[in-house]
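Engineer: Add chain B to chain A, keeping to what the hints say.
Number of protein chains: 2
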Amino acid sequence: MSDGLTIALDAMGGDKAPDMVVQGADIALERYPELKIILVGDEARIRPLVEKTKRLKAQSPEIVHTEKAIADEDKPSVALRQGKGSSMRLAIDLVGQGRADGVVSAGNTGALMAIAKLVLRPMPGIDRPAIAGFFPTRRGESAMLDLGANITCDATNLVQFAIMGQIFVRTVLGLERPVVGILNVGIEEQKGNDSVREAATILRGMTDMPFEFHGFVEGDDIPAGTVDVVVTDGFSGNIALKTAEGTSRLIGQFLRDAFRNSLMSKLGYLLARGAVGQLRQRMDPRRYNGAMFLGLNGIAVKSHGGTDALGFANAIGVAADMKRYGFIEKVREELTNGRLDRPDEQPTAVATA
Amino acid sequence: MSDGLTIALDAMGGDKAPDMVVQGADIALERYPELKIILVGDEARIRPLVEKTKRLKAQSPEIVHTEKAIADEDKPSVALRQGKGSSMRLAIDLVGQGRADGVVSAGNTGALMAIAKLVLRPMPGIDRPAIAGFFPTRRGESAMLDLGANITCDATNLVQFAIMGQIFVRTVLGLERPVVGILNVGIEEQKGNDSVREAATILRGMTDMPFEFHGFVEGDDIPAGTVDVVVTDGFSGNIALKTAEGTSRLIGQFLRDAFRNSLMSKLGYLLARGAVGQLRQRMDPRRYNGAMFLGLNGIAVKSHGGTDALGFANAIGVAADMKRYGFIEKVREELTNGRLDRPDEQPTAVATA
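Chains as they are written, first to last, in the working numbering: chain A, 1 to 353; chain B, 1 to 353.
Misleading hints may appear alongside valid ones.
For lysine to aspartate or glutamate, the following EDC-like pairs were computed, each having C-alpha atoms within a straight-line distance of at most 16 Å [claimed, not checked]:
no. : chain 1 : residue 1 : chain 2 : residue 2
1   : A       : K68       : A       : D93
2   : B       : K54       : B       : E30
3   : A       : K75       : B       : E188
4   : B       : K191      : A       : D74
5   : B       : K330      : B       : E176
6   : B       : K75       : A       : E189
7   : B       : K117      : B       : D93
8   : A       : K191      : B       : D74
9   : B       : K68       : B       : E30
10  : A       : K75       : B       : E189
11  : B       : K75       : A       : D19
12  : A       : K191      : B       : E73
13  : A       : K191      : B       : D72
14  : B       : K16       : B       : D42
15  : B       : K84       : B       : D74
16  : A       : K84       : A       : D74
17  : A       : K36       : A       : E62
18  : A       : K57       : A       : D19
19  : B       : K191      : A       : E73
20  : B       : K191      : A       : D72
21  : A       : K57       : A       : E34
Worth flagging that the hints you see were computed from the coordinates, not collected in a lab.
Note that this is a predicted model, so its numbers are computed, not measured.
Only chain A is shown next, with the shape it has when bound in the complex (with noise of 0.2 Å):
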């Protein structure tokens, strides 16, 4: 792993791809002005559009080409087989090698997973890798994991989520002691399946920690900000993050139509266009764009296919804060140093500890 910064750039992957690669890498320059940035994809397609940049071009970026790319609906076995020598699976292979800290990805998720473990391969102690992101609370933001990777999970998965998510939000939000819950249909200890209240009995019975186990939290709490963390499986985590998603594009699509009503209303919007558009700041998916795969040896983002430069700018600076703030050293670190053993094979000891 270098010293430095580097992330590896798939300039393929995405709906607007490589231009919104290429333009994101410099909106994250000016944040990141110690960032270095390579490019992997077709060089003839991105060298003209580094040339149009400021900060990028001013570092001539290393590119890596290649003409080959995982299509969107590429199934991730077919990706893992036949990826070979594309732009995803050559960006991966950098950090593999050490040559990059992290790579960043709007390409197809699943292919992203499959290669992503196959080279990065899952860290000790953790039995599989999920997906976690921000979302934004009444609170400020909170994070959730595992979104979509993971369709069914154990308890001992769950309560592996748990760890990694809250070491997540103390290393890249900077929270001293996060507060974990797990995603359930009730508060109450009866409530749920087999796998909730298993994960929550063993996360309620480890001490000494440096989180708190709040219990089981409900739909409604993810946007409440009641927990820094909501653990959850994939297929749960998914539907949730997507319902929020879907719910607040139908609520701005009800607030144009209503603004756009009478007179009035549009006077009034015009009036109070600032008070909307500090809204619409506050809720835009590009601040919350970039996806994190915990429990690999290596700093994976996944950036929304459809995200523009701005957007991709910000799953950048997911992965550079990772980096920055030591996250994959520090998960390491607290699995090893025995305070955060498998809590499958240990739970009572690691309590006693």
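Structural biologist: Same frame as chain A, but now just chain B:
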């Protein structure tokens, strides 16, 4: 079952009971003049409230007296054993005895489902009753089930939910040929768990049906109104519903903050007030109050526990519509005329019948 339209109300369930129950009944009578109300609960508290109403007082409603009520924190099993003589149990009994066409309660959901199942019994051909609800969409409104009665569901349960759901929106919303989708983490056939994949295969194989099977939908398809009926297990359905409610509240809060931000935005708000009010009305949770228990030999509707008189009146309206449009009879008819035989027994026979 009565020839008219008689609804029994658990007058003691809900945070603001019995006041909001009595006032809600009075509001419902404006929309359903033929409605007959039976109030079940503490007569000494209910009678003075009835005296203060207009329409309800005029019909001098029957009051079935009991001082016993089921608490919100009672487990369903406790409510079943010890709930005899309670307002909820007596109200459901009235439906079981054919003295009322339906029951509405804002009390403990688990208790209501358990007692309704015991007293009213699942219909032949339905393994597990489900809870269904309406929600606002870009296109109007859609229904989703299950919202929490069944934490884990197999393919047969999901197929039965699809069948009950489409009959429900055909009868109550008057849709001619509703579109049904199964909630999943992606729209591709291979996505999700075994239950959703098998259920989709069965539904795809059913031809000549009074509904269209759309396939899988994702979380953001719920508010988008991609389908008329969203089918899901009770775990994901409950989380999706509450996440949408919470997101809606969060944006409302952000919007209020934004409008209070400056003199300009306050002035803008004054002018756009009508428009904002229109938005608030479109998203008003009271409009969508009333979760329907489908698959029982009787009409049972659960109101939100924290609702007010207007919300409770809407829940009564849902029960009244189910009776008016003959929902129970229609399900029974379609289940017994062979068109909708149990899908686990003979999906192909159904398809080719």
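Engineer: If a hint holds in the structure, say so; if it does not, say that too.
Structural biologist: Quick rundown of the hints versus the structure:
no. : hint               : verdict
1   : A/K68 with A/D93   : holds, 15 Å
2   : B/K54 with B/E30   : holds, 10 Å
3   : A/K75 with B/E188  : holds, 10 Å
4   : B/K191 with A/D74  : holds, 13 Å
5   : B/K330 with B/E176 : holds, 14 Å
6   : B/K75 with A/E189  : holds, 12 Å
7   : B/K117 with B/D93  : holds, 11 Å
8   : A/K191 with B/D74  : holds, 13 Å
9   : B/K68 with B/E30   : violated, 30 Å
10  : A/K75 with B/E189  : holds, 12 Å
11  : B/K75 with A/D19   : violated, 57 Å
12  : A/K191 with B/E73  : holds, 12 Å
13  : A/K191 with B/D72  : holds, 14 Å
14  : B/K16 with B/D42   : holds, 14 Å
15  : B/K84 with B/D74   : holds, 13 Å
16  : A/K84 with A/D74   : holds, 13 Å
17  : A/K36 with A/E62   : holds, 9 Å
18  : A/K57 with A/D19   : holds, 14 Å
19  : B/K191 with A/E73  : holds, 12 Å
20  : B/K191 with A/D72  : holds, 14 Å
21  : A/K57 with A/E34   : holds, 14 Å
Taken one by one, the earlier hints fail for this structure at numbers 9 and 11, listed in ascending order.
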